[in-house]
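Chains R and D, in that order, are what the protein sequence lines are. Take the first sequence: its position 94, counted from the start at 1, is 94 in the numbering used here, and no numbers get skipped. Counting the second sequence from 1 gives a position; the numbering used here is that position plus 145.
Do not take every clue at face value.
[Said to hold, decoys possible] Mimicking BS3-like on lysine-lysine, the simulated pairs with C-alpha atoms at most 27 angstroms apart in a straight line are: (1) R:Lys59 x D:Lys165; (2) R:Lys37 x R:Lys89; (3) R:Lys141 x R:Lys59; (4) R:Lys37 x R:Lys133; (5) R:Lys59 x D:Lys314; (6) D:Lys162 x D:Lys152; (7) D:Lys152 x D:Lys299; (8) D:Lys311 x D:Lys299; (9) D:Lys299 x R:Lys89; (10) R:Lys141 x D:Lys162; (11) D:Lys299 x D:Lys314; (12) R:Lys111 x R:Lys141; (13) R:Lys141 x D:Lys165; (14) D:Lys152 x R:Lys59; (15) D:Lys359 x D:Lys348; (16) R:Lys141 x R:Lys51; (17) D:Lys311 x D:Lys348; (18) R:Lys133 x R:Lys89.
It is worth saying that the hints were derived from the structure and are not from the lab. Since this is a predicted model, take the numbers as computed values, not measurements.
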Amino acid sequence: MAAAKKDKDFSPEIVALYCRQCLDAEERPQEGARQTKGFTARLVMLPCSGKVEAYQLLKILEQGADGVLLVGCPENACRFLVGSRRAEKRLTRAGQLLDLVNMGAGRLALKRAADLTTADILALAGQLAEQVKTLGPSPMKGDSL
Amino acid sequence: MIVAEWKPIPELLASLKGHKNVLLVGCATCVAECAAGGEREVLTLAPVLKMGLKDQGQEVNIITRTLERQCEPEFVEELSEIAPQVDAIMSIACGIGMQLVAERFIDLPLYPGVNTTSLAIREQAGLWTARCAACGDCMLGETFGLCPVARCAKSLMNGPCGGTRKDGKCEVDENTECIWRLIVERAEAKGRLEDLVKVRPSKNWSNSGHGGPKRMLREDLR
Ligand code: SF4
Ligand code: SF4
Chain R
1 MAAAKKDKDF SPEIVALYCR QCLDAEERPQ EGARQTKGFT ARLVMLPCSG
51 KVEAYQLLKI LEQGADGVLL VGCPENACRF LVGSRRAEKR LTRAGQLLDL
101 VNMGAGRLAL KRAADLTTAD ILALAGQLAE QVKTLGPSPM KGDSL
Chain D
146 MIVAEWKPIP ELLASLKGHK NVLLVGCATC VAECAAGGER EVLTLAPVLK
196 MGLKDQGQEV NIITRTLERQ CEPEFVEELS EIAPQVDAIM SIACGIGMQL
246 VAERFIDLPL YPGVNTTSLA IREQAGLWTA RCAACGDCML GETFGLCPVA
296 RCAKSLMNGP CGGTRKDGKC EVDENTECIW RLIVERAEAK GRLEDLVKVR
346 PSKNWSNSGH GGPKRMLRED LR
């Protein structure tokens, strides 16, 4: 990686895209930025994780996010049947392209879960934040976001 | 459809070296169907190029457009307002569309973002296979609707070559059917195997690439 310095103490910005069907029935969907110890998460709700396209994952990173978390339903519990499987394929494709340009596929993560609270999603974002710290801040930082 | 595929990313990054404002232009017709040059691919490639160039220490602004058909001058004209703002164009349409853009914006360098490879069908989701080579003298009527020019690795006119694998695949590629095996099978199924041993007049190769660049003229349409 040419420009990015590996500063493990930085506070990663993680964009967390989550399928609304993953939420616990009692949980109110939440969106927007959450400052948490050690990282910031931006929550974005999707109608289905399969709605996401590879170019959207790439664009979020190009605009300076340090990582993108995609939360989808367990493979066999997708309401649209193949949504979370499609999500995985698109994330894989985006990851391959990120590796080719030295950004690192490790800036992307897919987690599958059900009955989540917002706190659970933030915890998953925290796991990605730890992974992203090993890659350092996004070299695209400062461009926008 | 005309099928194309992205050139390797390092090759694309090298071609944009030194440029600051690049117009990345796709086409919503054939190359969109083969997932190489439609709007989705334009939007995918743009951030990849931007990140790749940044990794090499180069800041670049990438403007994206997808034309309905890059092989028609009327649609290419839609770029005339944006073209003065860029110092290079990268096209991910087929070679036909690219040339029209290059000709219209002659002062700007035009970089091909894809390699145009074939005339093909989408055989399965995510799999495209060649069907026609635009040979200029279609022989599908003699080969039971299967094209040996595009689909036999040796473009044999009187196959099979003898190398057909036991499972019926071509000796050149284990994933491709021996098209001559399929032709023979279809002939047999129709009880017309004899047709394949008839002596046919030689094929007229001069109506396509072998006769120099093709030029088709219809006075009634001019
Ligand atoms: S015989 Fe020629 S025109 Fe006919 S399908 Fe084959 S390549 Fe195309
Ligand atoms: S095995 Fe069949 S398709 Fe392959 S080169 Fe020989 S005749 Fe052509």
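To see whether the hints hold, each was checked on the structure:
1. The hinted pair formed by R:Lys59 and D:Lys165 meets the criterion: a straight-line CA distance of about 19 angstroms does not exceed 27 angstroms.
2. Using a Cα cut-off of 27 angstroms, the hinted pair R:Lys37 and R:Lys89 is violated, with the two alpha carbons roughly 31 angstroms apart.
3. Of the supplied pair hints, the one linking R:Lys141 and R:Lys59 holds, its CA atoms being roughly 13 angstroms apart against a limit of 27 angstroms.
4. In summary, the hint linking R:Lys37 to R:Lys133 is supported, as the alpha carbons are separated by about 14 angstroms, within the 27 angstroms threshold.
5. A hinted pair counts as satisfied when its Cα atoms are at most 27 angstroms apart, and R:Lys59 with D:Lys314 does not qualify at roughly 42 angstroms.
6. With a C-alpha separation of about 16 angstroms, the suggested pair D:Lys162 and D:Lys152 falls inside the 27 angstroms cut-off, and the hint holds.
7. A distance of roughly 25 angstroms separates the Cα atoms of D:Lys152 and D:Lys299; the hinted pair therefore holds under the 27 angstroms criterion.
8. The straight-line distance between the Cα atoms of D:Lys311 and D:Lys299 is roughly 19 angstroms, inside the 27 angstroms bound, and the hint therefore holds.
9. A hinted pair counts as satisfied when its Cα atoms are at most 27 angstroms apart, and D:Lys299 with R:Lys89 does not qualify at roughly 35 angstroms.
10. For the hint pairing R:Lys141 with D:Lys162, the CA-to-CA distance comes to about 21 angstroms; that is within 27 angstroms, so the pair holds.
11. Simply put, D:Lys299 and D:Lys314 have alpha-carbon atoms about 14 angstroms apart, close enough for the 27 angstroms limit, and the pair holds.
12. Distance check on the hinted pair: R:Lys111 and R:Lys141 sit about 25 angstroms apart at the alpha-carbon level, within 27 angstroms; holds.
13. Restraint check for R:Lys141 and D:Lys165: the C-alpha separation of about 19 angstroms stays at or below 27 angstroms, so the hint holds.
14. The suggested pairing of D:Lys152 with R:Lys59 holds, with an alpha-carbon distance near 20 angstroms, which does not exceed 27 angstroms.
15. Using a Cα cut-off of 27 angstroms, the hinted pair D:Lys359 and D:Lys348 holds, with the two alpha carbons roughly 17 angstroms apart.
16. Note on R:Lys141 and R:Lys51: the hinted pairing holds, with a Cα-Cα distance of about 26 angstroms set against a maximum of 27 angstroms.
17. A distance of roughly 30 angstroms separates the Cα atoms of D:Lys311 and D:Lys348; the hinted pair therefore is violated under the 27 angstroms criterion.
18. Distance hint between R:Lys133 and R:Lys89 is fulfilled; the C-alpha atoms sit about 25 angstroms from each other, no more than 27 angstroms.
In terms of the numbered hints stated before, the structure departs from hints 2, 5, 9 and 17, listed from lowest to highest.
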